[in-house]
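As a plain string of letters, each chain reads:
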Amino acid sequence: MARQAPKERRCILKFEEVSLVFEQDQPILDRVSFEIWSGETRILLGAAGAGKTVMMKIALGLLRSTSGKVFVFGQDVTGFDERKWFEVRSYIGVLFQEGGLFDSLTVEENVAYPLLNQARFMAEGRKPTADSVRPDVQEALNFVELGTTMSKFPSELSGGMRRRVGIARGSVTDPELFLYDSPTAGLDPITANTIITLLIKDRELRNTTTTIITHRFQDGHLLANFRYNPESERLEKLPAGSPFLERTKFMVMKNGRLVFEGTEAELALSQDPYISKFSMHPATKVS
Amino acid sequence: MLAGRATANIVRRPFYAKDLILQMDAIGVGSLPITILIGFFSGVIMALQMSRALAQYGATGQVGQITAITLVRELGPVLTALLIAGRNASGIASELGSMKVSEQIDAMRALGTDPVKKLVTPRLLAMCVTLPLLTIIANFVGLIGGYMVAVPLLRLTTASQYWNNAWRSLEYNDIAQGLLKPFLFAIIIALVGCLYGMRTSGGTQGVGKATTQAVVVASVWIFIVTAVITRIFVNL
Chain X
4 MARQAPKERR CILKFEEVSL VFEQDQPILD RVSFEIWSGE TRILLGAAGA
54 GKTVMMKIAL GLLRSTSGKV FVFGQDVTGF DERKWFEVRS YIGVLFQEGG
104 LFDSLTVEEN VAYPLLNQAR FMAEGRKPTA DSVRPDVQEA LNFVELGTTM
154 SKFPSELSGG MRRRVGIARG SVTDPELFLY DSPTAGLDPI TANTIITLLI
204 KDRELRNTTT TIITHRFQDG HLLANFRYNP ESERLEKLPA GSPFLERTKF
254 MVMKNGRLVF EGTEAELALS QDPYISKFSM HPATKVS
Chain L
731 MLAGRATANI VRRPFYAKDL ILQMDAIGVG SLPITILIGF FSGVIMALQM
781 SRALAQYGAT GQVGQITAIT LVRELGPVLT ALLIAGRNAS GIASELGSMK
831 VSEQIDAMRA LGTDPVKKLV TPRLLAMCVT LPLLTIIANF VGLIGGYMVA
881 VPLLRLTTAS QYWNNAWRSL EYNDIAQGLL KPFLFAIIIA LVGCLYGMRT
931 SGGTQGVGKA TTQAVVVASV WIFIVTAVIT RIFVNL
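Protein chains in written order, with our numbering: chain X, 4 to 290; chain L, 731 to 966.
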């Protein structure tokens with residue numbers, strides 16, 4: 004299941020002066036520009052209504068920007084129609100805020116869904132069936148420690164379990180880019196930490212470029228400072244000066260504008276009253 | 731646009747055969763008992779009403795002819811379509827509407843599948859196949875209902891005269907409009923149900939509103955289209 008690390012770093016997601024305006028209103032997104040390179044992790048912080056989810060939806064082609072350019076996996080997707088987007092999206096994993104699971108399908112059917120329905124898995128006369136994809140589905144569910152819930156329906160699961168099934172469904176296709184929309188929102192701290200541990204595990208074992216929308220600085224702090232040790236199956240703190248520390252960057256959104264982009268250390272040093280609300284005083288940081 | 735995309739998707743890969751079969755089962759097999767019941771009683775009522783009117787002209791022997799023509803040309807297609815609109819346009823609109831408000835349609839798009847291809851095309855195809863078949867069954871069962879009233883119950887005519895008149899009265903013109911109408915009604919019901927479902931907004935209240943609108947709009951279009959088709963065939 005683990006993908007080989009790419010030989011060359013490449014730009015996975017790029018926004019170039021991207022704006023979204025709904026008729027005469029204040030811009031939902033205002034000239035946002037950034038680049039995310041392969042293997043990087045981005046933590047997207049911001050108050051509710053700041054434009055974080057809208058940005059994710061534009062990156063997925065679910066919303067169309069009114070100006071600017073969007074590049075995904077190096078190709079300009081700004082003018083792509085829905086059919087072209089389906090191909091692009093099949094290489095992107097997504098976790099919606101509430102999991103976005105299909106409530107009429109079982110956990111197994113939900114996780115198998117992309118494998119059974121995406122055109123790229125049906126190419127060259129292949130016709131995947133529920134039986135043929137079951138090992139992959141089982142592996143993805145084992146990864147999120149829900150291997151025994153195959154026959155359950157989403158309504159029978161807790162909020163945290165639904166998010167984990169959502170992670171399994173997003174990762175079963177081995178995407179190059181994984182977008183998480185508030186994966187810990189509304190969860191207790193223990194479950195939230197379990198979810199973040201899974202994100203770190205997925206990022207490192209599959210070499211996935213990860214973007215996470217969150218309100219919690221703690222989520223970003225864990226992602227920036229910890230790595231997953233497959234031997235002990237636990238998170239461990241990255242040593243000071245580790246190159247991995249530079250691979251996690253924070254972005255802060257305010258009223259549709261990207262007002263900060265930098266490392267955790269730079270975020271902590273910010274004197275801006277809005278930006279500093281998403282930081283934590285160094286003395287109180289989790290270790 | 732929805733009609734165009736749903737139709738174009740019929741010939742594009744991937745094909746969702748399982749979804750098509752599921753929808754044919756839900757629409758066709760699921761609607762069969764109620765279609766048979768409504769079809770049967772349509773024939774019964776038609777024969778009962780006609781028995782009195784025809785008796786005034788001493789033409790009770792023509793009850794088979796009148797029942798057949800009325801059922802095949804108009805009542806069978808329209809009643810079956812209204813029934814299916816009430817049962818399935820509402821079902822389609824509420825199912826797709828619930829998926830829309832709970833972001834399942836967005837999730838479907840995000841997972842690289844076309845919701846029009848996955849949700850609309852199978853429903854459109856299934857409706858186009860099953861509604862004409864249901865109409866044929868409703869017509870036939872209606873004729874049996876008419877026969878039960880005309881022959882064993884009221885003894886208006888003999889069995890052979892009833893079936894003979896019913897068979898001979900039907901022309902190609904009648905059969906053509908009797909099959910064309912349910913096909914067009916199927917397109918209306920499926921597309922209206924899907925359109926209102928996929929345009930749903932405003933949470934659970936929006937789902938209820940979309941469901942009601944789908945049934946009302948589909949029913950109105952059924953009457954408009956049957957009037958237009960009848961007008962065309964009357965002149966042929």
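No lab work stands behind these hints, which were simulated from the structure alone. The structure displayed is predicted, hence computed values, not measured ones. Treat the hints with care, as some may be off.
What the hints assert, rightly or not - Cross-link-like lysine to aspartate or glutamate pairs, in silico, EDC-like; alpha carbons within 20 Å at most:
| id | chain 1 | residue 1 | chain 2 | residue 2 |
| --- | --- | --- | --- | --- |
| 1 | L | K848 | X | D33 |
| 2 | X | K72 | X | D106 |
| 3 | X | K204 | X | E142 |
| 4 | L | K748 | X | E142 |
| 5 | L | K830 | X | E85 |
Stated by the list, open to error - Distance ranges between label pairs, derived from CB positions:
| id | chain 1 | residue 1 | chain 2 | residue 2 | range |
| --- | --- | --- | --- | --- | --- |
| 6 | X | K240 | L | G938 | 24 to 34 Å |
| 7 | X | D177 | L | A747 | 22 to 32 Å |
| 8 | L | A733 | X | E269 | 26 to 36 Å |
| 9 | L | I954 | X | K280 | 55 to 65 Å |
| 10 | L | T934 | X | D275 | 39 to 49 Å |
| 11 | X | E159 | L | Q935 | 57 to 67 Å |
From the three backbone atoms N, C-alpha and C, an ideal C-beta is built for every residue, glycine too.
Consistency of the hints with the structure:
no. : hint                         : verdict
1   : L:K848 to X:D33              : 34 Å, violated
2   : X:K72 to X:D106              : 35 Å, violated
3   : X:K204 to X:E142             : 14 Å, holds
4   : L:K748 to X:E142             : 25 Å, violated
5   : L:K830 to X:E85              : 17 Å, holds
6   : X:K240 to L:G938: 24 to 34 Å : 53 Å, violated
7   : X:D177 to L:A747: 22 to 32 Å : 26 Å, holds
8   : L:A733 to X:E269: 26 to 36 Å : 53 Å, violated
9   : L:I954 to X:K280: 55 to 65 Å : 59 Å, holds
10  : L:T934 to X:D275: 39 to 49 Å : 41 Å, holds
11  : X:E159 to L:Q935: 57 to 67 Å : 26 Å, violated
Violated hints, in rising order: 1, 2, 4, 6, 8, 11; the structure is consistent with all others.
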